[in-house]
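Novice: Input sequences plus hints: build the corresponding full structure.
Protein chains in written order, with my numbering: chain A, 1 to 252; chain B, 1 to 373.
Errors might be hidden in some of the hints.
As the list claims (entries may be wrong) - Label pairs and their computed distance ranges (CB to CB): (1) B:LYS292 x A:LEU93: 32 to 42 Å; (2) B:PRO73 x A:LYS73: 31 to 41 Å; (3) B:GLN195 x A:LYS73: 53 to 63 Å; (4) B:ALA93 x A:ALA51: 49 to 59 Å; (5) B:PRO73 x A:ALA51: 34 to 44 Å; (6) A:MET236 x B:LYS347: 38 to 48 Å; (7) A:VAL117 x B:HIS132: 39 to 49 Å; (8) A:ASP176 x B:PRO73: 56 to 66 Å.
Rather than coming from a laboratory, the hints here were simulated on the basis of the structure.
Using N, Cα and C, we set each Cβ at its ideal position, and we do this for glycine too.
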Amino acid sequence: MSARWITSIAGAAVLAILLPAHTPVAAQGRGGRGGRGQAPATPAGPAPRLANGMPDLSGVWMGGGGVGERDLKPGDAIVLLPDAKKLVDTRQLKDDPEAHCLPTGVPRMNPYPWRMVQSIDQKYIFVLFEGNIHSYRQIFLDGRKHPDDPDPTWYGHSTGKWEGDTLVVDTVGYNDKFWFGANKLPHTTKLHTIERFTRSDANTLQWDITIDDPGSYAKPFTVRTRAHLEPTWELMEYICQENNTNVGHIVQ
Amino acid sequence: MNPRRLAIAIAAVIGVTAASPLSAQQNDSLKAISSQLMTPAKGFVQPKTEWGEPDISGVWTSDAALGIPRERPAKYGHRAFLSDDEFAEVQKADTDRRKRGENAVGAFRNDDAWKTKSFRQTSLVIEPEDGHTPAFTPDALKRTATRDRGSFGEGPFNTPLDFTLYDRCITRGIVGSIMPVVYGNGNRIVQAPGQVVLSYEMIHDTRVIYTDGRSHVSPNIRQYLGDSRGHWEGNTLVIETTNFTDQTSIGGGNGNGLRHSSDMKITERITRIDKDELRYEVHVDDAKTYTKPFTISLPLTSPPGYELLPYECHEGNYMLPHSLSAEREEDKALEEDAKKGIIRKRKSVQQNLDAGARPIPGRTNPNDDIDTN
Numbered sequence: 001m002s003a004r005w006i007t008s009i010a011g012a013a014v015l016a017i018l019l020p021a022h023t024p025v026a027a028q029g030r031g032g033r034g035g036r037g038q039a040p041a042t043p044a045g046p047a048p049r050l051a052n053g054m055p056d057l058s059g060v061w062m063g064g065g066g067v068g069e070r071d072l073k074p075g076d077a078i079v080l081l082p083d084a085k086k087l088v089d090t091r092q093l094k095d096d097p098e099a100h101c102l103p104t105g106v107p108r109m110n111p112y113p114w115r116m117v118q119s120i121d122q123k124y125i126f127v128l129f130e131g132n133i134h135s136y137r138q139i140f141l142d143g144r145k146h147p148d149d150p151d152p153t154w155y156g157h158s159t160g161k162w163e164g165d166t167l168v169v170d171t172v173g174y175n176d177k178f179w180f181g182a183n184k185l186p187h188t189t190k191l192h193t194i195e196r197f198t199r200s201d202a203n204t205l206q207w208d209i210t211i212d213d214p215g216s217y218a219k220p221f222t223v224r225t226r227a228h229l230e231p232t233w234e235l236m237e238y239i240c241q242e243n244n245t246n247v248g249h250i251v252q
Numbered sequence: 001m002n003p004r005r006l007a008i009a010i011a012a013v014i015g016v017t018a019a020s021p022l023s024a025q026q027n028d029s030l031k032a033i034s035s036q037l038m039t040p041a042k043g044f045v046q047p048k049t050e051w052g053e054p055d056i057s058g059v060w061t062s063d064a065a066l067g068i069p070r071e072r073p074a075k076y077g078h079r080a081f082l083s084d085d086e087f088a089e090v091q092k093a094d095t096d097r098r099k100r101g102e103n104a105v106g107a108f109r110n111d112d113a114w115k116t117k118s119f120r121q122t123s124l125v126i127e128p129e130d131g132h133t134p135a136f137t138p139d140a141l142k143r144t145a146t147r148d149r150g151s152f153g154e155g156p157f158n159t160p161l162d163f164t165l166y167d168r169c170i171t172r173g174i175v176g177s178i179m180p181v182v183y184g185n186g187n188r189i190v191q192a193p194g195q196v197v198l199s200y201e202m203i204h205d206t207r208v209i210y211t212d213g214r215s216h217v218s219p220n221i222r223q224y225l226g227d228s229r230g231h232w233e234g235n236t237l238v239i240e241t242t243n244f245t246d247q248t249s250i251g252g253g254n255g256n257g258l259r260h261s262s263d264m265k266i267t268e269r270i271t272r273i274d275k276d277e278l279r280y281e282v283h284v285d286d287a288k289t290y291t292k293p294f295t296i297s298l299p300l301t302s303p304p305g306y307e308l309l310p311y312e313c314h315e316g317n318y319m320l321p322h323s324l325s326a327e328r329e330e331d332k333a334l335e336e337d338a339k340k341g342i343i344r345k346r347k348s349v350q351q352n353l354d355a356g357a358r359p360i361p362g363r364t365n366p367n368d369d370i371d372t373n
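Specialist: As structure tokens, then:
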């Protein structure tokens, strides 16, 4: 039986605040890595495929999406431009948009599961979040190009295509409002992300993200993250805005 | 081992009485394997010391065991001995190895040149039946630490305790001291009435094994090499060792690896089976660390001209201070970079490189296997 439970929205908001970009939260019964110790071990078979032979990325996934030095591709570094460094040095956690129930953008994930859904006609992939604000990303796989002048949005405009067994998602049109994590890493509207999703075995989704933002970073860098499958879990309801009392308690 | 001797050895097994009686704790197939390995060469007359003990003294190298895999390759299954065809291949491989050693240029010249005999074991591990060191217990796995690999690993190194006892020139432990590695595989046995003394070339540990019937020291006294008591069973010296600390390890080369518990008991059997050959068997029993007891058996030979050379471990041993200072330099470098707005991964001391700064095949990022958020 799945062991995860969320006692209160406020509690969950606190979790999100106290959570650095990639460390699992210790309290609230979630326990990140520790909490899932109660799930039965699933043997890792090969990645499943759809009827047409394409890889099936669908499922409830946990983890991945951390932008920080831990998952950096060997040889890469996050080199902050002076304005970006100033932001990192002066930002306060109480101002993290995530704490105010605003979207986490791309690719930041809260320590709650998320679901990949592929449409039957293969023209859309949706990423549904349990955590953050119960929102979603949509990835267009119908071959369309990015608009020349996209409206800046929290999740950007994402187009996807398959390269072999890897889904490559190209996104532009971001606003400059979300943080990459509790590490306060910023971005500008120049942000361009390239994500590569590969289901290396039935239980593992390799998720590499290249961050290319000449407004914040001297050079692009890539993080190699990994999500694991939660075969017995469903997404639960999480209404961030309801009873979000902790926001007022965070002092810095 | 020549075919005639093997035939005698097999005949000895079939003929029921082994050269030396074995402890009742050995299971049947272990008994048979051990007995076959301990069977003396045809025509070999066991020399005795002045006071009438079998004479196992001399200089004995485990170079003899080079090329015998420690863990049994899957293709042999539960077979402890090679077939004739397989043995012929092994003999050829051993000859090639010896020639390479003799013709090598540089620091490793002649290191393999002392492997002058071939053996029919499929693996050094002869118990359990599958020829594999048993798995660690869950409790044992809780003991994993940076020091298990020490300088052969990625650290981080913050204190001398993050290195292995081999790094620190303290000891390689009983099993680590006898298992062959690249060099330094010499052992010297000296006997006196009431004692057998075993000295290891690398890193010059010496054990005194009392054979005068005295009992073990108090359990409150713990030693890296334990406390050894020996007795003779026929021509076999049986050594029982207890009183271990929990600081050494059996596992990896040079005694590196996950540590055993202080409850470990080791039983060794040494038989001289030819004028230039000993058979050495070590049985490890530590239920807190290994799910089953296991036995390793290896030949030790005395090729003409082989000597123990001084291994002055600590002379020029700057590895510890260099590794520790490199870590502290990296601390500073990370701080400097952070001030400049550069966020990057910490560089480890080893950088996943092997000796001579060569990349280790199959290893790119030491953090490749990290978990999720």
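Novice: If you check each hint against the structure, which ones fail?
Specialist: As far as the earlier hints go, only 1 is violated by this structure.
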